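**Q** Chain residues, written in single-letter form:
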Amino acid sequence: MKSKFVKADGWVKVVVQTKVYALQAVYSAGYVMMDKAYFYLDMDSKDKVAVWLKPKGKADLDQLAMDFCQELLNYAHYFASLKVNAESMKLLLQRALFSAAPSLVKEAEEKEIQDLIKELEMEEEKENKKPAKKGKK
Amino acid sequence: MSTPFIRKEKGGFLINLHQALYPGSAVDAFQKTDPHVVVGRKGAYWSLRFSGSDAIRPLEALDQLLFLSKGHRSK
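Protein chains in written order, with numbering that gives the first Met the number 0: chain Y, 0 to 136; chain Z, 0 to 74.
Extracted from the complex, chain Z is given alone in its bound form (with noise of 0.2 Å):
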């Protein structure tokens, strides 16, 4: 699987988040949660990679993303 914004690379996949919607701290609280993930920073954009074949993963990592965005958005 393989859209616009998740994109299979070799060993895994590549989100990139725009840092205007998805804050640092909401990054970080995710990253503690899966400490597999690594984040780096291109340009406006968060880049995550996930390891391995589990397309599922970086989904659900967007469900998290968003719950967690918007809890820190909030405060």
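Okay, chain Y solo, but in the shape it has when bound (with noise of 0.2 Å):
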């Protein structure tokens, strides 16, 4: 079977759509990879990235290719998890800093009386300044 993969002096090309795969998921696929290849960016088109692959030392250009294919799944799965479950780590972090030290949530509830507080006395100053309407004879 023919290989997709376009080549040239060395290089593979792999062209990545953006609407598939974002760019941070490149970026870091290309980044654990670094100890085997060499890599290029460019744009292919509009919403396609080409990224070519120069191995470091011996390797199959179609072999390079395919792994960095993989790792670009594995990274998109972990920043599309990531979002999901963004929401439910923040929560989990709050309790579990909380729980050790619980002087905290009286500090954080103390802070947020305070910050109320100034709310007003800022609302009423500017109440205050308004020019007092002049009475109907």
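It should be emphasised that the hints constitute simulated quantities derived from the structure, not laboratory data. The structure presented is a predicted model; accordingly, all values stated were derived computationally and were not measured. Ideal placement from N, C-alpha and C gives every residue a C-beta, glycine not left out. Any given hint could turn out to be false.
[As the list claims (entries may be wrong)] Residues on chain Z that point at chain Y, a partial pick, calculated with CB under 7 Å:
1. Q18
2. L20
3. L61
4. D62
5. L65
6. K69
Assemble the dimeric complex from its two separately framed chains, guided by the hints.
**A** And the structure:
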């Protein structure tokens, strides 16, 4: 079976659709494979990034390209999961921190009260600065 | 060694990097590590000129630029 990847001068090209894989996934996949290959990124067209890989040492170009695709999928999944779980992780961390130091809860509540008081004071000042309306005769 | 994007020129090598993929902050940070690299602009691309005959230097620059671009993009 013929290879689907374009090759030139010891480099192999993988074209990535940015609508399918975020650029951050491309960077991460490239970064994790930096010990195996050099990476060059270029815009193939408006929504496509051309990732050129050159092996550092002896390696099969097709295999290198396939490995990169695997890493790309891995990081795409990772970032998608991160997004979905972000709120849950935040809650878990907050609970863990507050359970380790209960005084933090009290501090946070006191700070919230102080912020509310400041807000009310500022609103009161604004109201006082408004010129008084003249009464009708 | 000359490829479509790493060109051998008289006295060195030239790489063109797309500005959408390699942020300016990353290129600036890279230039601080290698002040001998001459950075210019050519349309939507940065052009990086490396002097000397060491073909590995532009390749190693790609490693650094990938790392820096990854970091600067995630900020």
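**Q** For every hint, state whether the structure bears it out.
**A** Hints, verified against the model:
1. Q18: 10 Å, violated
2. L20: 4 Å, holds
3. L61: 5 Å, holds
4. D62: Since chain Y brings a Cβ to about 6 Å from Z/D62, closer than 7 Å, the hint holds.
5. L65: Result: holds, 5 Å to nearest chain Y Cβ.
6. K69: For Z/K69, the interface hint holds, since the closest Cβ of chain Y sits about 4 Å away, which is under 7 Å.
The structure is inconsistent with hint 1 alone, although it conforms to all the rest.
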